[in-house]
Amino acid sequence: MMSSVPLTSLVLVGVGSPALLFALLGGLSLVNRPLPEKWTGRLTAGSVTISCAALSVALAAYGTTGGTRLLSYGAWSSSHEGGIAIEFLVDRLSLAFAALSAAIVGVVSAFSNRYLHREPGYNRYFVLLAMFVTGMLLVALAGNVAVLFIGWEFVGLSSALLVAFFHERPAPLANALRVLAVYRISDAAMLSAAVLLRHAAGTDSLSLLFGGAGAVSTAGLTGVNATIIGVLLIIAVAGKSALLPFSSWLPRAMEGPTPSSAVYYGSLSIHAGCFLLLRSAPLLEQAPAARLLAGTLGAATAVFAGITTRVQSDAKSSLAYASLTQVGIIVVEIAIGWYTIAFVHLAGHACFRLLQFLSAPNVLHDLHGMEDAIGNRASASRGYLDLVTSDRARRHLYLFALERGFLDSLLDRVVVEPFTRFARQLTRLDAWLCDAVLPRRRPILVEGGEDRDE
Amino acid sequence: MSHHASSRESSAPDHPLTRVIDRLAQLLPAQGPISIFIHHNTLHAFEHLPFEEAVERAADRLGREPYLPESRYREKLAAGRILVRDVEALLVEHLGASGTQDVAGVGSRLELWRAIVLHGIPAATGRELLWILDETASLSRFRTDLPANARSASAALSESDDPVREERQAVRRLWNACIEAVGGAGEPALPAAAAPVRHRDWLRAVHGVDTDAWIHPPLIRFLAGYLDQGLAHWSMPDRSRGIHGCFLEIYHSPLAAQCGHWARSLPWHVAGDRHAGRGALGSIEHSLTQLGVPAADNDECADFLGAELLALQGWAGIVHQIEGRPDRVPARDLTVTLRGYLAVRLLFERAALDEAARQLGFRGPLSELRAWLRNHLPAPPAPTALERAWPLFHVAQLCGLDASMVDQWTARHVAELESELRELDAVRQRRILHQAFERAIRHRLYDALVHHAPRALPGRPAFQAVFCIDEREESFRRHLEEVEPACETFGTPGFFNVAMYHKGASDAHPRPLCPVAIRPAHYVAEIEPEGDRLTGRSRRLQRRAAGFLGYNVHLGSRLPVRGALLMTAFGWVALVPLVLRVVFPWLSSRWRRVQESSIGPVRTRLQLDRKDTPPPIGSHTGFTVQEMADIVRRVLEDVGIVSSQSPLVLIVGHGSISLNNPHESAHDCGACGGGRGGPNARAFAQMANDARVRRLLAAEGLTIDPATWFVGAQRNSCNNEVSLFDEDLVPPACRPALERASAAIDTARRREAHERCRRFDAVPRWYPPVAALAHVEGRAADLAQPRPEYGHATNAFCIIGRRTLTRGLFLDRRAFLASYDPTRDEDGAILARIAAAVVPVVAGISLEYYFSYVDPSGYGCGTKLPHNVTSLLGVMDGAQSDLRTGLPWQMVEIHEPTRLAIVVEGPVDRVARVVQENPDIERLVRNRWIWLSCLDSESGGLWELRSTGFVQHTPGHPLAAVAGDSASWYQGKRGFLPPVAIVQASRLRPRADGAKAGPPA
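Just so you know, the protein sequences line up as chains H and V, in that order.
Each residue of the first sequence is one higher than the last, beginning at 1 in my numbering.
Each residue of the second sequence is one higher than the last, beginning at 1 in my numbering.
Don't read these hints as lab results, they were simulated from the structure.
Please note that the accuracy of each hint is not assured.
If you anchor each label on the Cβ, the simulated ranges turn out as follows [stated by the list, open to error]:
| id | chain 1 | residue 1 | chain 2 | residue 2 | range |
| --- | --- | --- | --- | --- | --- |
| 1 | V | Arg19 | H | Ala393 | 37 to 45 Å |
| 2 | V | Arg19 | H | Arg392 | 33 to 41 Å |
| 3 | H | Arg421 | V | Ala307 | 29 to 37 Å |
| 4 | H | Glu417 | V | Arg926 | 54 to 62 Å |
| 5 | H | Lys38 | V | Arg19 | 56 to 64 Å |
| 6 | H | Leu30 | V | Ser947 | 55 to 63 Å |
| 7 | V | Asp532 | H | Arg392 | 31 to 39 Å |
| 8 | H | Leu30 | V | Val84 | 37 to 45 Å |
| 9 | H | Ala393 | V | Ala307 | 32 to 40 Å |
| 10 | H | Ala393 | V | Ala271 | 14 to 22 Å |
| 11 | V | Ile617 | H | Pro418 | 41 to 49 Å |
These numbers come from a predicted model, not from an experiment.
In this text, a Cβ means the ideal position worked out from N, Cα and C, and glycines have one as well.
Whole structure, please, built from the sequences with the hints as guidance.
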C-alpha cells in the first residue's frame, strides 16, 4: 500500500487543479472582478497542463498494474446510513479517460485563448470551460454516486450554457433550452438509478458497479434489480450521448463558438455516456435485457446518423451526425463486450473529431486543396443512395435524412406540446386562484413631479 | 406533368410577376459564393439617392442602423476625433438662413440645434423612463455633462448653505414646469406607425405567433440541400427540375407533413400544385390569391413579395446571385431561380398559416386572415405627459432655462419645440455627428497633402516596383522606399490590365483573374516544360496520392464502417497535427512550406502565346503580340513609366492565404475579382520582356530600354512572403539590380510586418522588430486565429497622382495609391481610364467596410466564432440561420466608418470633366457615396467638391515631421495616427513653412 500515497496525491492534484481554477474564475466572476484576458488564458493553460501531467504520470505508473483502487478524501457529511464522501475509483480505464480529457481540454484552451480574443464573453467562456473539465474529471474518476452526479451536472450545465453563449440572438437560447431539457431527462434517469442502487445494494459506492462481475453479484445486483438499474443508466447515457430517440438535440447544440462545439460534441461530452456505459459493463453483464437494449439503441443510432450525415449540407451538422455514427458503433461494441476496442475507438474518435471540428471553418480551403491535388472535382457520388432503385423510395429516404428522421417534430408533438399545454393550464389555474384570493392591485404610476417635492 | 412545370419555371420573361420580382431582387444582398469574395456597396440598390437619405431609408426598410450608435459619436466627441468646430460648420451649412429664427423664446434654431447635437437628449419612454425618474439622479441634479454656461441657471446655487437640497428643488421645479407646459399644450402629433405587411407580421403583432420560426428551419434545410456545391455526400435528387419542381417531387410525400407540427397541410398544397401542373410563377400567383394579396401590378403585391424576400434575405440573395451567374458555382445540375424560391416559400407559408389560423380559432379562408387580424390590432399608445416632458426638460437644461422661464411657455411654444425635436430626431443628430466625424478625418489628409513638399528622385532609380493600388501596399511601398531611397514605386490595379482565366500547374480548375465587371476572353495555363521528366511526374503522383488520401479521410470519417476502422486504428495520430497547428502554428507553417516545395510543380512557365487550340473557358488561348503590346503600353502609360527606366522593374501582385477562415478570399486582391494577382504580375512581366512586344511598342513610340528587365512577383499580405517568378530568366546585366531589390524587399517586408503588428491587440506595444515577421507567419498558419490579417480595415482615402506628392508621408495604411502623371495627360484620357478602373473598386471596398462596421450584425455577418460553412456557398450563425452576408466583425473591428475621400492630382476642370463623362462615377460623386477633391500640384491648392461646386480647402493643421523611419513614428502606439512627414535623420532641415521636427502635440 506504500505506492497508494503518491497515487492519492497525483489524483488529488489532477482533479484539484482544474477545480481550483473553476473556483477562482467562477468566484471572481461572481463578485464581478474577472481577471484580465491574459491571466485567464495563462492560468487555464497552466492548471490544465498540471492536471494532465499528474494524471498521465498516475496512468503510466499505476495504469499498467491493473486492478482497482478506491481513494477516499474524507467524508463531509454523514447520515445514519453512510454519508457523502469524496471518493475516486482509480483504475486503468478511469485514469486513461481522465488523462485524455485533460489533454484535450488543454489543446482546446490554447485554441480558445486566441480564438476568443477580444470577445465580450471571453471570461464567461473560460469559467464554463473550467467547470466542464472539472466535471469531466469527476465523471471519469468518480468513486461514488454523489461525485459522479456532481460531475455529470457540471458537464451538462456548462454544455447548455455554452450553447447559449451568444445570448443576444434568440436561436441559441431556444436551442440551449432544448439541450437542457433533454439533459434533465437524462439526469433524472441517472438519479433514479443511483437511488435504486443504494436501495438494492445499501451503498452508493460505485466500486460495486464498476468493480467487476464478482462485486456486482455479491451486492445482490442481479436479475430484475440489475435490469432496471441498467435500463435507467442506458436512458441517462442515451440522453447525454444523443442516442435515439434523443438525437435531435445534437445539431441544435452547434450554436456556441467553434471550440466549444468541438470539445463537447466532437470530443468529450458526447463520449461521457459511452464512458459511463463502459464503466458499468459489469452490471450490464448481469442484465442481458439491458445489454440488448443498449446494443439495439447503438446500432439504430449508427444507422440513422450514418444516413443523416450524408445529406447535411453545413459543416457542423455534417460533423455532428458523423460523430453520432461513431458513438452508436462504440455503444454497440460495449454491448457486445469488446471493451478494449471500444475504449481505443472512443479515444481515437475523440482526438480525430476534435481536429475536424476545430478546422470546420477551413472546409472550403481543404476541399479546394484536395481538388487541386487530385486534379479534378472530387466525385459527387451519391453512394448507397443509388442502390435505392425506386425514385419514390429515394426521395422518401432523402427527405427522411434531410429532416433528420423527423425526430424534432416528433418530440415537439409528443413531449413539448402536451407539456406546454399542461403548463398553460396550470398558469390559468394559478391566475384564477390568485385573482380569487388576492386583492386586485393596479400598477401605481407616479404622474408628474408635483407630488414628489417634499 | 412535372416536366411541364419545370419548363415553366425558366420562362415567361413578360409575366408581370417576373418584372416585380426582378425589381425586388435589387434589394437583396449582392454577395456571391464566399470563395470568390468581391467587395461591393452593400446598399447598391440605393445608389440613386444621396448617401444620407439612402442609408436612412435602407435602415427603415431593412431594419438596420444607418450610422454608429449615438454613444459612439459622443465618445469620439469627448476624445477629440470629432471637432466641435466641424459640427458648428455643418449646422450653419445645413440650417442656412433659417438658423437665426427664434424658437419658443429659447434661442435661435442654430443655438438650439448646436446644444442638442453636442450634448444629446437621452431617449427614454415607457417603463424605462419611469425607472430613470425613480432610480437615477435625473430629478435631483442638473446634468453634469454640460459645460458651465449651459448650467448658468443653477450657478447661483453654489452660494447657498445646502447646495444639494437647493439643486434638487430647482431641478424638480424645472421638471414640474415642463410637465405643466405639456399639460397646457395641444395634442401630440402621433408618428405614423407602419402597418404590418405579411400575414406573419400581423400574427406577431396581434397574437405573438411567429410562423417564420416554424417554417424557416425546414426551408433553410431544403434550400441549403438544393444549392449545395459538394459539402453533402448525397446531393438532392431531382435538382435539375428547378427549385420549385424539385420541391414538388420531394415534398409530395405524406412524410412532408412530419416537417413540423404546423406542416399538416403541406403535402396537400404540394399536391395541389402538382395536379394543376403549376410552374413557379403559376404557383406564386395561386398562393397570392389564396393569401388574399392583390395581383402583380399592385403596389401592395410588391410590398408583400418584397417583405417575403427580405425575410430570409441572405438565402434569397444567393439564389438571385446564382441565377444571374451560374458559371460562378461548380454544380452544373441546378436550375436556380428566385421565383422558384418564392413559390416554395409561399407553399410553406400557407401550410403554417393554416395551422396558425386553426390555433387562433379563425375558420375563414386565409385570404381573409389579415382583415380579421386588422380588427384586433391594438392602437399604438399616445405619448404620455411624462414622455413629452422628458425631452423638453432636457432642452431647458441644455439652454440654461430655469423653471420661471419654462412657466412662460404657451401651447405654441411647446408645439414649436416639439416640431424642432421631431426634425432633429436621434437619427438626424447621428447624421450630423457622423458628417463632422468624417470631415475631421478627411481634412486631416487634405492638410497633409497641401503641406507635404513633393519629393522627386534625383537621377535614375536603382529599380522600380509597381504594386497594386491596395491600401495595404501603402506601408509596404513606404518601407521599401525607406530601406532603398534610390527606388521608385508605383500603383495600378493589381491585375495589371491582364484579364484572363488562369489555371495554375497544380490547380484543378481555371479561375478568372480580373475585376468582376470584366468577363475575360483569354485563357492562360501555367505549364511545366520539364514536367514530363522523372521529378515532375513523381511530384504529380505524390500530389495526387496526398489528395486522394486527404479526400478519403475526409469522407471516410463520415461513414460508419470506414470511420470506425479509421478512428480505432489511426484516431490518435490526429493529435500530432492538432497540437502542431494549435500550439505551434509557426512550426506548422514551416512544415507546410517544406512539404509544398518538395511536391510542388517544378520550374513552370506561363503559356501566354496565342494558340489555335480551343480553350476550356473563355474564347482564346493566350494573347496575340498586339494584345500584349496594348496591355503593356496601357499600364506603363497609366503609371507614368515612359522615359526614365531603371535596369529592373518589379511587378508585384498580391493575395492572402490563411487557415480556418471562410472569408479568406475577402483578403485577396479586389482587382483580381477576389483572386491572387501573382499570375497577372508574372504575365505582365513576361509580356514586357518579350522582344516582339518591345519592337511593336517602339514602333508606336514607346521605347523600353533594352537593358531593362521586368520581374513578376506576388506578395502574400498575410504572412508577408514575397515570391519572385521566373527569376532564372533574368539576364546577367540585371542581376545586381535584382539582388539589390531582393535585399531591400526582404528588409521592407520585415518592417512592414512590424508596422502591422502594432494594430494587433495580442501583440505587446513595444514589440521587437525582429520577431514581427515570425509573428505574422504564425498568424497565417494558425487554426485558432480569427484575425490572420486586418485586410482593408481602416481604409479611408484614395490618392490618384504621382508618388512624389505622397512619398515620405506616413498614411497609416489608409490610402489607396494609384499612380497618375497629370503632366502627360492634357486631354484627360488617361485619367478617365484610370478612374474607371479604380474608383468603382475602391468605393465598393470602402462602402462594404462602412456598412459592416456601423451595423456589424445587420449589414455585416457578426462575429466569426459561431460561423458554420454551408453548401460551400456562405456561412450561417451556429446550427442554422439566414445566410450571413457582409464582413465579419473580426475583419472590421479596427475600422473607422468613413466614406472614401478621393484626391485626384490635376487641374479642376479636367477632373470635373472626367467625372462628368463617367455616369457610374458621376452618380457616386453626386450622391456623396465618395468624396472627391483635386490637388493642383502647380498652385499647390486643394479643391473639394461640395454641393456648391469645388471649394478650396483652407488647411487647419500643420504637418509634423518625424526624423528617422516610419517606426520612429508608430512604435509603441496602438490607435490611428495622423499623417506625418517621415524625414531621414541626415536630411532633416528646418523648413520655412513652419513644420517642425518631432511628433505633434
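A quick look at each hint next to the structure:
no. : hint                                : verdict
1   : Arg19(V) <-> Ala393(H): 37 to 45 Å  : holds, 41 Å
2   : Arg19(V) <-> Arg392(H): 33 to 41 Å  : holds, 38 Å
3   : Arg421(H) <-> Ala307(V): 29 to 37 Å : holds, 32 Å
4   : Glu417(H) <-> Arg926(V): 54 to 62 Å : holds, 58 Å
5   : Lys38(H) <-> Arg19(V): 56 to 64 Å   : holds, 59 Å
6   : Leu30(H) <-> Ser947(V): 55 to 63 Å  : holds, 57 Å
7   : Asp532(V) <-> Arg392(H): 31 to 39 Å : violated, 52 Å
8   : Leu30(H) <-> Val84(V): 37 to 45 Å   : holds, 43 Å
9   : Ala393(H) <-> Ala307(V): 32 to 40 Å : holds, 39 Å
10  : Ala393(H) <-> Ala271(V): 14 to 22 Å : holds, 19 Å
11  : Ile617(V) <-> Pro418(H): 41 to 49 Å : violated, 59 Å
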